[in-house]
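Chains Z and E are the protein sequences, given in the same order.
Add 802 to the 1-based position in the first sequence for our numbering, that's all there is to it.
Add 45 to the 1-based position in the second sequence for our numbering, that's all there is to it.
Hints may be right or wrong, so weigh each one.
[Claimed, not checked] Under the rule of at most 25 Å between Cα atoms (straight-line distance), these lysine to any residue pairs were calculated in the SDA-like manner:
1. Z:K833 x E:G372
2. E:K228 x Z:A1030
3. E:K230 x Z:Q859
4. E:K228 x Z:N830
5. Z:K879 x E:T290
6. Z:K879 x E:H288
7. Z:K1013 x E:H288
8. Z:K1013 x Z:K879
9. Z:K833 x E:E104
10. Z:K862 x E:V108
11. Z:K833 x E:H232
12. Z:K862 x E:P325
13. Z:K1013 x E:S140
14. Z:K1013 x E:V108
15. Z:K1013 x E:S123
Simulated from the structure, these hints should not be mistaken for laboratory data.
Each chain, letter by letter, is given below.
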Amino acid sequence: MHDFYGTTLANGFMLGTAQYPSPAILANAFKRSGASVATVSLRRESGQDRAGQDFWQLIKDLGVHILPNTAGCHSVKEAVTTAHMAREVFDTKWIKLEVIGEEDTLQPDVFGLVEAARILSEDGFQVFPYTTEDLVVADRLLHAGCEVLMPWGAPIGSGLGLNNIFGLRAMRAHFPDVPLVIDAGLGLPSQATAAIEMGFDAVLLNTAVAKAGDPAAMAEAFATAIKAGQLARAADPMEPRDMAAPSTPVIGKAFLV
Amino acid sequence: MTAATIIGAGVAGLCVARALLDRGADVVLVDRHTDAGPHACSWWAGGMLAPFCEGESAEEPVVRLGCEAADWWEAKTSAVKRRGSLVVSLARDTSDLARFARRTTGFRHVNGPEISNLEPDLADRFAKGLFFESEAHLAPRLALAQLRASVLADGGAFVQEDADPDEYAQRGLTIDCRGFQAKDKLHDLRGVKGEMLVLSCPDVTLTRPIRLLHPRLPLYIVPRGDCIFMLGATMVEGHAGKHVTARALLELLSAAYALNPAFGEAEVLEIGVDSRPAFPDNLPRIRRDGNLIRANGLFRHGFLLAPAVARMVADLIFDNKTPEVMGETAA
């Protein structure tokens, strides 16, 4: 696994902190999964005037890396302002940059994203951009200063999994040295395994865990699935082939060619 | 005779006062305001006595303890209506309805004609729903006023004072029911902001609470009678500011419009915002330190859980019975 702006993570599990039935269940999900990064939304979860500080303290108390995000921001200005607030509240340069372009699919506004990424990178932020699998946009983001890319699997909260396998494979192949995180759209642990098997460094998800009937159990399921993907990748999987290859000797048995 | 001072005259304080009076105690209610009003969470409550619906996201005690609520309120006030509650979703969100059904009990599936039958003004708008027949709702402000009147009529006293429960506890048994105001004494209490609207809409008649499931903007609408509706409620981590956000208004009103476009013609009578007091597991807590008992953390379940919490406070005082929601740490 690549490191993220110089930070090596214990595993490739980044878990969101929104929409849980209670903060106690949220804390339990982190405990059981061992997720190494917590993403937290400043805008949606807190309102103005630092009103969310009790909740933010709960997130800090999780004892994992914190990746604040700009969820819910629809413009470069909003995203930049939110990022500054996040840096102050959580004392981190990390920012998961979301600039939403379309309300129904929550698709990123990639033009605004590149601009905000440039502004924030120049200002010393370490930007984790939520983007599509578009290679040209990815290239622009890298030029804007990003050293991590986070393509979507599917629209946020949809649970559809890896929607464009070809595009994601192409992205992995095009940027072999860039840490890549599948961000959004995962619904099942098997989809997380598939992402890691494809060579992605990490997955980031929230709804699939928070909205499960037993969020802590689902978090553990994802953690196990991610570990399976990492083990499989390290173990150098066999190549698929068109013809059967017998796993037991056939000499001495009657067979027809 | 047992004498108790109860600080905070919202739904928790009033229920505790009533429960202690019923056990023969002398009670004094102390609040910083003379009357119930918009400063209290209970003023802005939806008033749904819907333990089974809450079971979708709340933990088991909320469902079980909440089942006491409708009978209790019906015995103490005339504010309760037993019409059940109806849960619907828009056609594209039927998967949310299936999830809600998987995680709750106490309902039956209803189809379009049955929904029309239950609520004619939702006719032809929803093809599937869940009907929680045994649930109830109440008019919160009427219930608060009647409960308060009954406490005073039965010998309870009221004092207006911005009181410190610790000071009172030096003189005698004191129950701190101040909700989010007690934050300075309860370090693990947090505020969860709620925003809600009161609408007048003569074009729509509903007779029971309706929950509209939506992946982003779940909405409930509770009829208050006389064409008045309570529309709620957002849930935002963080204590409330003074004002409702534009986003909350947009979300609440667009969800109401989706329920029935006639809500587009409604008049907005009131806009409310409050901080619901909650502990990390969103369950209530009773904590005792000598003469001082703190009952808090009713979250979004004030009217639903206050009767059970009040019963447990009374059992603690009179029978020395440890409440099942006893706090782990001392007050």
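Here's how the hints hold up against the structure:
1. Z:K833 x E:G372: Roughly 22 Å separates the two Cα atoms, so the pair holds.
2. E:K228 x Z:A1030: violated, 44 Å
3. E:K230 x Z:Q859: holds, 17 Å
4. E:K228 x Z:N830: holds, 24 Å
5. Z:K879 x E:T290: Holds, at roughly 19 Å.
6. Z:K879 x E:H288: Holds - the C-alpha atoms of H288 of chain E and K879 of chain Z are around 23 Å apart, at most 25 Å.
7. Z:K1013 x E:H288: The given pair, whose Cα atoms are some 29 Å apart, is violated under the 25 Å limit.
8. Z:K1013 x Z:K879: violated, 31 Å
9. Z:K833 x E:E104: Measuring from Cα to Cα gives roughly 19 Å; hence the hint holds.
10. Z:K862 x E:V108: violated, 31 Å
11. Z:K833 x E:H232: Holds - the C-alpha atoms of H232 of chain E and K833 of chain Z are around 22 Å apart, at most 25 Å.
12. Z:K862 x E:P325: At roughly 14 Å apart (the allowed maximum being 25 Å), P325 of chain E and K862 of chain Z satisfy the hint.
13. Z:K1013 x E:S140: holds, 13 Å
14. Z:K1013 x E:V108: Holds, at about 19 Å.
15. Z:K1013 x E:S123: Status violated; Cα separation ~38 Å.
Hint violations for this structure: numbers 2, 7, 8, 10 and 15, all remaining hints satisfied.
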